[in-house]
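Going line by line, the protein sequences match chains A and B. Numbering of the first sequence is given in the working numbering, commencing with residue 1 and proceeding in unit increments. Numbering of the second sequence is given in the working numbering, commencing with residue 1001 and proceeding in unit increments.
Just so you know, these hints were derived from the structure itself, not from any lab. C-beta atoms are modelled at their ideal positions from N, C-alpha and C, and glycine is treated no differently. Treat the hints loosely; a few may be bogus.
[What the hints assert, rightly or not] Looking from chain B toward chain A, a few residues come up when the C-beta cut is under 10 Å (computed):
| hint | residue |
| --- | --- |
| 1 | Ile-1031 |
| 2 | Gly-1038 |
| 3 | His-1089 |
| 4 | Phe-1130 |
| 5 | Met-1176 |
| 6 | Lys-1184 |
[Unchecked claim] In silico lysine-lysine, PhoX-like type, Cα no more than 25 Å apart, as pairs:
| hint | chain 1 | residue 1 | chain 2 | residue 2 |
| --- | --- | --- | --- | --- |
| 7 | B | Lys-1019 | A | Lys-69 |
| 8 | A | Lys-69 | B | Lys-1184 |
| 9 | A | Lys-103 | B | Lys-1184 |
| 10 | B | Lys-1174 | A | Lys-17 |
| 11 | A | Lys-103 | B | Lys-1187 |
| 12 | B | Lys-1180 | A | Lys-103 |
| 13 | B | Lys-1144 | A | Lys-253 |
| 14 | B | Lys-1144 | A | Lys-103 |
| 15 | A | Lys-99 | B | Lys-1187 |
| 16 | B | Lys-1144 | A | Lys-69 |
| 17 | B | Lys-1174 | A | Lys-33 |
| 18 | A | Lys-17 | B | Lys-1171 |
| 19 | B | Lys-1181 | A | Lys-103 |
| 20 | A | Lys-69 | B | Lys-1174 |
| 21 | B | Lys-1181 | A | Lys-99 |
| 22 | A | Lys-103 | B | Lys-1019 |
| 23 | A | Lys-253 | A | Lys-140 |
| 24 | A | Lys-69 | B | Lys-1180 |
| 25 | A | Lys-99 | B | Lys-1019 |
| 26 | B | Lys-1184 | A | Lys-99 |
| 27 | A | Lys-99 | B | Lys-1171 |
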Amino acid sequence: MSEYIFYPGCSMESSAKAYYHSVMSVCKALDVKLNEIDDWNCCGATEYLSLDRMPAYALIARNLALAEKHANGTNTVVAPCSACYLNLAKADHYMHEDKAFGKQINEALAAGGLHYDPGTLAVKHLLDVVLNDIGLDAVKSKVVKPLTGLRVAPYVGCMLPRPDYGNRYSDTEHPSELDDLLRALGAEVIDFPLKTACCGGHMTQIGPDTAFELIRRLISSADQYKADVMVALCPMCQMNLDAFQTQMNGYFKTDYRMPILFFTQLMGIAFGQKPEQLGFGSEFVSARQAMARIGIQTPEPVAAAAPAAKKPAGLPMPPPLKKGGDSTGSSEEA
Amino acid sequence: MSSTRSVNSPPTFLQEVKKRTPGESHVEMCIQCGTCGGSCPSGAAMQHTPRTIFAMMRAGMRDEVLSSNTPWMCVSCYYCTVRCPQEIHITDVMYTLKNMALESGKVQDTTASDFSKTFINYVENYGRSFEIGLAGIHNLTHVKLAARLPNMAPMALGMLTKKGMSPMPPKRIKGMNDLKKILKRAKELEAA
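Isolated chain A (complex conformation) (with noise of 0.2 Å):
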């Protein structure tokens, strides 16, 4: 059993459910233990970077810290989510590089009781872990249900290959580990042309009109090559391309239907693991044709129009307020 410090991200436990469940699923299945990292604070995203250096860097450093005082035996930090995975490795780079810079934010860090020794901890992305410490035979001999036959594109994205701080993968704009991983499952991968493009970030909330452009290049390249899926191994990535896709839609006039998957949720398929553990169901682009291709039952997304379990009187944002349509009556009753 190997064992590490785990940085999960506060989407895994909001939108990315089905990430963490997949996660924990496959880590299982390959007898990886993840010690989560008590009392992890948000990594800050790219907002904090944006609004004040300093305490965005000792916001980051506050969970390096804490991953060192807990370290137990191992020292490498693995984080599911690009953009944490990156904030967390950001930190610990450049307090290692800029000494003076590393000083302060140590004396930050002071405040709070907490020391973080730069270069002490090995951040990596769960991608990193399943490719260079499990290693693809350890992989390949867990699957039992090879996805022979279903066509992906692997999406990796931005902040996993770049700046790639620790020379991690193969390549800043091609990197082909999650290539190599998917096939290792049987799938057959595409070529992708725009693996490592941007999915807009937080473009959607700020900028919609240059988002939809973004996460249409994606989806129309990957629906060129005929892709039954995408695959991503960010939580950003993810519900930009996959909760966006219909806007992204009527923006453009287009009638695109990816769906989007985690690459943990086709490890757990090929690994002959039940489609409900691994958060299928939960995504906005069914997957179920997709999936029914190589003889999957997926569950049937949750239909968007179906009345809340929740009441929306409870949202922060307003509810729908058009009559008509078959949902309305049954959202009255309820």
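Got chain A sorted already, so can you dock chain B onto it with the hints?
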């Protein structure tokens, strides 16, 4: 040129940007090749391409740079950073420019900075981010009602039903008091 200035002169704008960017950013090394702008996925939305911004920084056009929307349109994809033949940490420089723009009060369109502030407000109070609350507040304050309802309402419902997201704020971390002390000290250090 910055190198010919006397050591006693006040720092140039370029030197200030360099000082406020961690590590060796090579910010003064730009050769104006334009690889950054040509690689930028959101360049079309920028008032000035990154190459232009670097020329403006060197020319000491502080106000023009700090009021440009360019850093705020940066999506942090790091294409420019890895492609720059001079190894300038362009994405990090964009973060520095955003920090300085906020301090100077010269930000023209605050949509992006308000989004960052709402995001961080949750983090500074709970230790965790809160996606639903963030999207909700941001859309209520920055998206016109006519666009909000048809687009955002189905999205919000989908987040709650399909993804099973909670509309409640996250649970506060145990070390919140210590985290507040850390952030307070860090802010003092940045301002010093």
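Hint by hint, here is what the structure shows:
Given the 10 Å rule on beta carbons, the hint for B/Ile-1031 is violated: about 20 Å separates it from the nearest Cβ of chain A. Interface hint at B/Gly-1038: violated, since its Cβ lies 14 Å from the closest Cβ of chain A, which is beyond the 10 Å cut-off. Hint status for B/His-1089 relative to chain A: holds, with the closest Cβ pair at about 8 Å, below 10 Å. Given hint, B/Phe-1130 at the interface with chain A, holds; its Cβ is 8 Å from that chain's nearest Cβ, closer than 10 Å.
About 9 Å separates the beta-carbon of B/Met-1176 from the nearest beta-carbon of chain A, less than 10 Å, and the hint is met. Hint status for B/Lys-1184 relative to chain A: holds, with the closest Cβ pair at about 7 Å, below 10 Å. Pair hint B/Lys-1019 plus A/Lys-69 does not hold up; C-alpha atoms about 31 Å apart against a cutoff of 25 Å. Between the alpha carbons of A/Lys-69 and B/Lys-1184 the distance comes to roughly 22 Å, so the proposed pair stays at or under 25 Å and holds.
With a C-alpha separation of about 16 Å, the suggested pairing of A/Lys-103 with B/Lys-1184 holds against the 25 Å cut-off. The suggested pairing of B/Lys-1174 with A/Lys-17 holds, with an alpha-carbon distance near 22 Å, which does not exceed 25 Å. Distance hint between A/Lys-103 and B/Lys-1187 is fulfilled; the C-alpha atoms sit about 15 Å from each other, no more than 25 Å. A C-alpha spacing of about 19 Å is found between B/Lys-1180 and A/Lys-103, which places the hinted pair at or below 25 Å, so the restraint holds.
Taking the CA atoms of B/Lys-1144 and A/Lys-253, the gap is near 21 Å; set against the 25 Å cutoff, the hint holds. Straight-line distance between C-alpha atoms of B/Lys-1144 and A/Lys-103 comes to about 46 Å, which puts the hinted pair past the 25 Å bound. Between the alpha carbons of A/Lys-99 and B/Lys-1187 the distance comes to roughly 19 Å, so the proposed pair stays at or under 25 Å and holds. For the given pair, B/Lys-1144 sits about 48 Å from A/Lys-69 by alpha-carbon distance, which is inconsistent with the 25 Å threshold.
For the hint linking B/Lys-1174 to A/Lys-33, the alpha-carbon distance of about 24 Å falls within 25 Å, and the restraint holds. Pair hint A/Lys-17 plus B/Lys-1171 holds up; C-alpha atoms about 16 Å apart against a cutoff of 25 Å. With a C-alpha separation of about 17 Å, the suggested pair B/Lys-1181 and A/Lys-103 falls inside the 25 Å cut-off, and the hint holds. A distance of roughly 16 Å separates the Cα atoms of A/Lys-69 and B/Lys-1174; the hinted pair therefore holds under the 25 Å criterion.
For a cut-off of 25 Å, the pair hint linking B/Lys-1181 to A/Lys-99 stands: about 22 Å separates their Cα positions. The hinted pair formed by A/Lys-103 and B/Lys-1019 meets the criterion: a straight-line CA distance of about 15 Å does not exceed 25 Å. In summary, the hint linking A/Lys-253 to A/Lys-140 is not supported, as the alpha carbons are separated by about 42 Å, beyond the 25 Å threshold. For the hint pairing A/Lys-69 with B/Lys-1180, the CA-to-CA distance comes to about 20 Å; that is within 25 Å, so the pair holds.
Between A/Lys-99 and B/Lys-1019, the direct Cα distance comes to roughly 14 Å. Compliance with the 25 Å bound is thereby established for this hinted pair. Restraint check for B/Lys-1184 and A/Lys-99: satisfied, since their Cα atoms lie roughly 21 Å apart, inside the 25 Å limit. For the suggested pair A/Lys-99 and B/Lys-1171, the alpha carbons sit about 35 Å apart, so the restraint of at most 25 Å is broken.
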